[in-house]
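Asker: Residue-level listing of the chains:
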Amino acid sequence: MTRSARRTRRTMQVAGVSVAALLALSACSSSGSSDSDSSAKTKSDTSSSASPKLSGSITVFAAASLKESFTTLKTDFEKAHPGTTVNFSFGGSDTLAAQITSGAPADVFAAASAKTMAIVTDKKDTATTPATFVRNQLEIATLPGNPDKVSSLKDLTKSSLKVVLCDKTVPCGAAAQKALDAAKLKLTPVSYEEDVKSALNKVVLKEADAAVVYKTDVKAAGSKVEGVEFPESANAVNDYPIALLKNAPNPTVAKAFIALVQSAEGQQVLNQAGFLKP
Amino acid sequence: MTTVPPPDSHGPTGLDAHLVVTRAAFHLDITLTAAPGEVVALLGPNGAGKTTALRALAGLTPLSAGRLRLDGEQLDGTPPESRPVGVVFQDYLLFPHLTALDNVAFGPRCQGATKAESRAVAAGWLDRMGLTAHAGDKPRRLSGGQAQRVALARALATRPRLLLLDEPLAALDARTRLDVRSQLRRHLAEFEAVAVLVTHDPLDAMVLADRLIVIEHGRIVQQGTPADIARHPRTDYIAHLVGLNLYRGRAEGHTVKLETGPAITVTEELTGDVFVAFPPSAVTLFRDRPTGVSARNLWRCEVAGLETHGDRIRADLTGELSLAADLTTVGAAELDLRPGVTVWATVKATQTHAYPA
Amino acid sequence: MTKTDESGAAAGARTGRPRRRRVRFAVPLPLLLPGAVALAFLLLPLVALLLRAPWSSLPSLLTSPDVWQALQLSLFSATAATAVSLVLGVPLAWLLARTEFPGRGLVRALVTLPLVLPPVVGGVALLLALGRNGVVGQWLDAWFGITLPFTTTAVVIAESFVAMPFLVISVEGTLRAADPRYEEAATTLGASRFTAFRRVTLPLIAPGIAAGAVLAWARALGEFGATITFAGNFPGRTQTMPLAVYLALQNDPEAAIALSLVLLAVSIAVLAGLRDRWMTAP
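Residue numbers (my numbering), protein chains in the order written: chain G, 17 to 294; chain V, 30 to 386; chain R, 236 to 517.
Don't take each hint at face value.
Over the 12 Å line for every Cβ pair with chain V, so calculated as not near, a few chain R residues [what the hints assert, rightly or not]: (1) Val302; (2) Pro326; (3) Ala412.
Straight-line distance between alpha carbons at most 25 Å, and here's what the computed SDA-like set of lysine to any residue pairs gives [stated by the list, open to error]: (4) G:Lys222 with R:Asn368; (5) G:Lys184 with R:Ala412; (6) G:Lys83 with G:Leu159.
For the record, the hints were derived by calculation from the structure and aren't laboratory data. Since we're looking at a predicted model, the values are computed, not measured. Yeah, the Cβ is synthetic: ideal placement off N, Cα and C, and Gly gets one too.
Make a model of the complete structure from these sequences and hints.
Answerer: Below is the structure:
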């Protein structure tokens, strides 16, 4: 991407942009050849409806755990719809929800829990009813090769093991607590980490022997940790809802992106990252 | 067969030093000996190397070469804390957080005395300095003269065999100075080991020291008793210090031909390289070339500057001969002396003093 | 000695102890205006915190044992970190200010590195060095059975890592400004360099050390990133006030504001108390 193109896009975002201005700008930057290119792509694109040509940029606020899969989807989307760009703001769902309710200019919100999405719907900041597009399940992350032979949630209660959990104030911590309660287990970790990534990192750095994190996180860490599934995780499955926002600057493109996420193609990408179908 | 004296022949034999310190743009190379009880003053202009010499004696600046022996003991490699040397620093450097008593007790305490013992020793020294009433005062409450005496007591309390004083009176105002100088002289006279004093003030040096060593550019240019040096200065710096006009030239009989051209007639009969000196008060000035005077020792000069010296006026003259002349205020007014005017200067041969260089 | 040497020395002696004197003079506007803006800028967020504080729920929060636990741990660990910084940092400052060794400039730059390092990175670096699997930590574990992460000791280490540079810089500055000839005077009186440092230099630079210690303490008290990364978060053991505030912020912003207020009030009380006792010493 050239520097000027990037700058142009940022300028558009900042200016808060009328559709007319957007169209004018994209018309300037697109040529005949790209037009034909895009129509060719549209034919093969199953996810997008046969709608008028899409253009402009959208901003998607998404939970941090969606980073890898959504970045892949962005590439697919922009290839399918030349002239569009997808910008992301990845972060903790609570933080993102707070930013949206304070007026951040976002088109789409993909949250890691129904609870955080509720913050936005409560303020009537969504344009569509949130739909669950994936679910995430807990898994135990152990050191590579599982040297401590952890095979169940109960194994984590051994006093010789250093286990880290997420703090109860963040979703993965609340879910882990739910699972522990369901199993009637009492587990004293060495630390309640501030988010799922730091919990996982403690195992990656071999400071902790095990952590209770999401399946997707175990998958993202590759060979640095080994995942151990446990049945109690079924009691604490996280739904990931997605919704178009009321003040979306570019609802047309935003809808198309949501459609891609829910399409078979999108689900496949998300599945590879460890997410479950809704 | 020669008898070599044992290297550690103890007993007070005094100071025997050859100090060589080389730094970027500066080279100090002086030989310094002093007998026990002797007070030696290092005199010289700023930047001459006096303080460097003092620091080398104290061990605060390492020697580049040379030797340092005190009462037969080799001190070259000894760190400052192990040298039997006491220092009175220029601005005294009394520890501001300690009382006068604890400042003086600091040395004995470091030498291993108990707190009580060192305080007793310190109290004795303060008593000797007449400072008992100020024992509990912090340094900033002391007057300049009192601080100077505390500094001296602090240096003496370690019973040094070499006492070093760096410009001991420079930090004092003129009135205190007179007082403190005579007290210091008394204390130094009582001191039985070697004392080396650094100063740029000739009066301090002459009053306090038995012997003067004049240093310029890191080298000794002259040494001797104060009286000797005052009478026979050998450099412009010393001549200026003691208030004499000084010239160097070659003598043939009663005439000394100066390197700069003119000649001076003197009463001494000498041959070879000599110095000629005469005081500014021996010079007589005229506005017009005097007729009744012999042409000897008569020079045409120009007034370069005028300066008041007490009740007299000193004229700085340039021209055939550069010299300083003293006149009364009245005399200066009668001659209508202003910078730039031309005058004729004469000196009687009987008032000059020539000596071999 | 050169001329500049002498005048410098004399000036040093004169300015050694500035006299306290209050002079009334007109405050120049180019200084007053930005100064006032700076003050407003620094205070405004704190005022906002006060305005939005949930005063009604404050009493129940303050009596909660969790809060007390976090506060106690914060005060203890910040004080311990300051003590560590003093014991190790003052000698380091002396070495930097008073000795010559190759690469001293580089060492000084390295000492200040924790100041620019994002604290979380500092925490990761500490894990890599002192963690169970760290460069040094693995030997601590193998030889002595000591593992530092997730312990209160780790909190103190993390806080010391972040706070010590403040102390070192402050003390080194004071040492550089202090006249080194006092140390020389002490050695001519028979004091070893260490005795000279202990009995002369240390009392002389005490105000600078106190200022540095207060800075370090304040920094340690507010430390978050390095602590949560290196020591983790466990109530009563490694959960200091800033960690409690951060986690409360996740789902109960009001509680977070209240906790922040407690931390602020305690720091102000301690700092104001120390300033009066230490920094105005004779």
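Asker: Indicate, hint by hint, whether the structure satisfies it.
Answerer: Hints, verified against the model:
1. Val302: Given that every Cβ of chain V is farther than 12 Å from that of Val302 of chain R, nearest at about 42 Å, it holds.
2. Pro326: holds, 20 Å
3. Ala412: holds, 14 Å
4. G:Lys222 with R:Asn368: holds, 6 Å
5. G:Lys184 with R:Ala412: This hinted pair is violated, its Cα atoms lying about 51 Å apart.
6. G:Lys83 with G:Leu159: Since the Cα atoms of Lys83 of chain G and Leu159 of chain G sit roughly 24 Å apart, the hinted pair holds (cutoff 25 Å).
Checked against the numbered hints listed earlier, the structure breaks hint 5 alone; every other hint is satisfied.
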